[in-house]
Amino acid sequence: MGLFDKHLAYRDAYQAIRQAGADPFNVRLDSVISPTEGMINGRPTILLGTNNYLGLTFDPEAIAASVKAVQERGTGTTGSRIANGSFEAHVELETALAKFYRRKHAMVFTTGYQANLGVLSTLVGRGDHLILDADSHASIYDGSRLGHAEVIRFRHNDPEDLYKRLRRMKDVPGERLIVVEGIYSMIGDTAPLKEIAAVKREMGGYLLVDEAHSMGVLGQNGRGLAEQEGVEDDVDFVVGTFSKSLGAIGGFCVSNLDDFEVMRVVCRPYMFTASLPPAVVSSTLVALKRLEETPELRHRLMANARRLYDGLAELGFQTGPTASPIVAITMPDQESAIGMWNMLLQNGVYLNLALPPATPDSRPLLRTSVSAAHTDEQIEKVLSVFAEVGAALGIIDTQRKRVSA
Amino acid sequence: MKAVTDLTLREIGIAASSVLGRTVEVADETHIGRDLQVDSLALMNIIMELEDAFDISIPLDRLASVETAGDLSNLIKDLRNKG
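Protein chains in written order, with my numbering: chain X, 1 to 405; chain U, 1 to 83.
Just chain X, with the same shape it has in the complex:
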């Protein structure tokens, strides 16, 4: 018996996937040319799965700020905030985030994953209750395991089911923290946040919304689903990331609750890890400013998303419930999903292959994420490659013609 024996089934499954072509979980980019284009296997490739929603990874001002920060502050902080102190820019970023979200407090984490680990394991403890949407991201599930609260799931995007589960624990002591996401990362659907907020008001408890995929994407000012739905006052905590619309890496939590700052000395995933390096903090500050000052990026993003979503649906692919910057195509089975993914890559389109159990409903998905930086020509190219490959593999009906160009 070896340590890895328990994982051998995964090794064999992974091996089988790799034998079908390229390795979908270890694609190598020879170079990145722009937010939407890279070189893969010596071929210019449209990047359609990078979560680079606003296309800010190559923003000249963000790059300049990053370079300046490296030169002035060095490559890393080499320690945690509690042990080695904060750089001015860490505090500046927290102030900017609090102001952006109109909240009193903001705390920055080294990754978005750690933000959920930290916040979920700290806000609720033994005797408390964590109520999660069933389709929550892995970081939410892992955060729930790091803490000591009792964990209950409710059916995905089902406020009635949430109500029922809260009612069941009506007379049980302890705090309740309800956790939902702004945009769900696999098929791009949004939470029915108005209804969920209403359930929270009726049944009591706190509400946390993970706006990782909706920050800079939804809401008139880009504050996410809570802003779009007009329920920001009902949301007690917003968690988010710098690794998507802000084009860097890092996570955060903002809140209006008194005593929030105590988290800095009790939240282990905040305390026991090195803080974000100066280059990342500085580019994020510029990207946040860009997000706030350039609503056109959001409009452009949604127009691109709509174009891709409608185009794929018109071709006969099975897409998610709503047009959002995450457009997922449900595939009939794993073999066709892997085959299609490989052929798309060979034809210069790179997107994400998502396999169960990481997907809802145990169906394989081809997951795309659109960027404001995609050009009309790129979206058209993607649609024509999808048409060709989908027809070649018999996934779409070849008789079906696109109505508009």
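Be careful, since some hints might not be right.
List of simulated lysine to any residue pairs, SDA-like, C-alpha gap at most 25 Å [as the list claims (entries may be wrong)]:
1) Lys6/X / Tyr141/X
2) Lys164/X / Arg80/U
3) Lys104/X / Asp236/X
4) Lys77/U / Pro173/X
5) Lys164/X / Leu75/U
6) Lys68/X / Gly85/X
7) Lys170/X / Asp52/U
8) Lys289/X / Gln228/X
9) Lys164/X / His31/U
10) Lys82/U / Glu175/X
11) Lys164/X / Asp61/U
12) Lys170/X / Gly204/X
13) Lys82/U / Asp128/X
14) Lys164/X / Glu11/U
15) Lys164/X / Ala27/U
16) Lys77/U / Arg145/X
17) Lys164/X / Glu175/X
18) Lys77/U / Gly85/X
19) Lys164/X / Gly205/X
20) Lys82/U / Tyr163/X
21) Lys381/X / Asp361/X
22) Lys104/X / Val266/X
23) Lys77/U / Tyr163/X
24) Lys82/U / Gly204/X
Hints are computed from structural coordinates only; laboratory data are not their basis.
Model the placement of chain U on the given structure of chain X, informed by the hints.
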């Protein structure tokens, strides 16, 4: 396999069949992972069905010690008695 007379085990069988989309029979000694081929996600979905069937909360952290259908049945009985 002997007929399942235990009501809790019977409900576990119904919940598992519903989530897995195939008929499964369970007994006390049925190993949930090995015998039923249930992964962690399917198990959580089975738990959700059972919460509704018995109108109770089954916190996920209580599943750490559950390996067999009998373990799960005992957990449910325990939670029902508590309520």
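Which earlier hints turn out false for this structure, listed by number in ascending order? 9, 15, 18, 21
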